[in-house]
Amino acid sequence: MLDDLDRRILRYWQAEPSLSPGELAERCNITSGKAARRIARLQDQGIVQGSGVVIDWAALGYALEVSLRVTLDKTQANAFDIFMAAARQVPEVIELQTFLGRVDLRLSIIARDMGHYQQIYRSRILTLPHIAEIEALMHVARIKTQEGLPL
Amino acid sequence: MIELDEIDRALLRALARDATQSASALGRRFGLSQPATWRRIRRLEEGGAISGRRLRLNAEALGFGVTVFLGIKLATRGRVSLEDFERAVSAIPEVQTVEHVLGLFDYRLRVVARDLPDFERVLRRRIMTLPGAGEVEANVLLSEERLPGPL
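Residue numbers (numbering that gives the first Met the number 0), protein chains in the order written: chain U, 0 to 150; chain G, 0 to 150.
If you are wondering where the hints come from, they were derived from the structure by calculation, not from laboratory data. A few of these clues could be false.
Claimed, not checked - Distance condition first, Cα-Cα at most 25 angstroms in a straight line; then the derived SDA-like pairs of lysine to any residue:
1) K72/G to Q145/U
2) K143/U to R16/G
3) K143/U to R123/U
4) K73/U to R123/U
Claimed, not checked - Beta-carbon label-pair distances, calculated as ranges:
5) E143/G to L4/U: 15 to 21 angstroms
6) E82/G to N28/U: 18 to 24 angstroms
7) G114/U to G64/G: 39 to 45 angstroms
8) L101/G to D43/U: 42 to 48 angstroms
9) V139/G to G21/U: 22 to 28 angstroms
10) D55/U to L101/G: 39 to 45 angstroms
11) A57/U to L115/G: 32 to 38 angstroms
12) Q117/U to L103/G: 18 to 24 angstroms
13) P128/U to E45/G: 26 to 32 angstroms
14) T75/G to I81/U: 19 to 25 angstroms
15) G21/U to T75/G: 30 to 36 angstroms
Ideal Cβ placement from N, Cα and C applies to all residues, glycine included.
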C-alpha cells in the first residue's frame, strides 16, 4: 500500500505534472535514487498511468463547448453499446461518459461557433441511434480545472 | 488562434496520449529533425494550443471509488454573489472541477469520494451548505472515455 512519501510525491506531481524525477526528489527532500524507485513502483502498480498534454480547444478555434445529457431508449437491447460506438465516430465529441442516475450518458462536444454547433447537432448528434431525450448545457466558464485527487 | 498543419496535428495527438515522449523520438516518428520537432512543440505551447499537462492517476487504486457529477441550481439568484459561491465550492478538496454552465443548471461539479457514504458526507456537509446552493442533481459516473477530438 501507499505510505506518506508516496502520497507526498503524488501531491507534488499532480500539481505540476511536468516535474522531472530529480525535481520531485528535491520537493520531497529525498535523494533522486529514492524518488526514481518510488516513481517506478507507482508506475508498475498502475497507480500512475501516464501523462498527456491538455489541448486548449478554444486556442484552436473551437470557441464553444456543450455538454449533451442523453437518455437512451433502453427497451432496445445493446442501446448503450450501439450508441457509444456511433458517438465515437463524431470527431467533435471529446468526452463520453456513462452514468447511473437520471441521465444515461453525457457527450462533450466542441464547435467553432453557433452555426457549426447547429450543423453538428443536426447532422451528427440527432442522428445517433436510440436517443430518447437530450438536454444541452452550454459551458460559460471553467472555474476549477485541476482534477487533482485529495491525497 | 493558432493555425496547425498535418504534422502539428499528429504531434498534438501523440503528446495528448503521452506527454513524456522526447522531441527526438517524436521527430523520428514524423520524419523531422530533433530541433525542428522541438520548435514545433514550443510553438504549440506558446500559441496556447497546449495549456498544460495532466497526470493520469488510477483513482480507484488510490482509494477513490466513486466519482459523481452534480448539477447545481442556485437558489437565490441575485442575492448570493457568483464569486462567493465559486470561491467556496472551489475550496472543497473533493470537488475536482467546477464549470459555469447555461441551461438546466447553473454549475456542474465533478466530485470524487472514497465510497457512497463518503460522498454523502461531502454532499451534506460541504455542498448543500454552500451559499446559494439550491436544487442538486447527482449522477454517478460508471465509465469515462476521453477522445482525441477533431485533430
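Evaluation of the provided hints:
no.	hint	in the structure
1	K72/G to Q145/U	holds, 22 angstroms
2	K143/U to R16/G	holds, 23 angstroms
3	K143/U to R123/U	violated, 30 angstroms
4	K73/U to R123/U	holds, 21 angstroms
5	E143/G to L4/U: 15 to 21 angstroms	violated, 29 angstroms
6	E82/G to N28/U: 18 to 24 angstroms	violated, 37 angstroms
7	G114/U to G64/G: 39 to 45 angstroms	holds, 42 angstroms
8	L101/G to D43/U: 42 to 48 angstroms	holds, 44 angstroms
9	V139/G to G21/U: 22 to 28 angstroms	violated, 40 angstroms
10	D55/U to L101/G: 39 to 45 angstroms	violated, 21 angstroms
11	A57/U to L115/G: 32 to 38 angstroms	holds, 36 angstroms
12	Q117/U to L103/G: 18 to 24 angstroms	holds, 20 angstroms
13	P128/U to E45/G: 26 to 32 angstroms	violated, 42 angstroms
14	T75/G to I81/U: 19 to 25 angstroms	violated, 43 angstroms
15	G21/U to T75/G: 30 to 36 angstroms	violated, 51 angstroms
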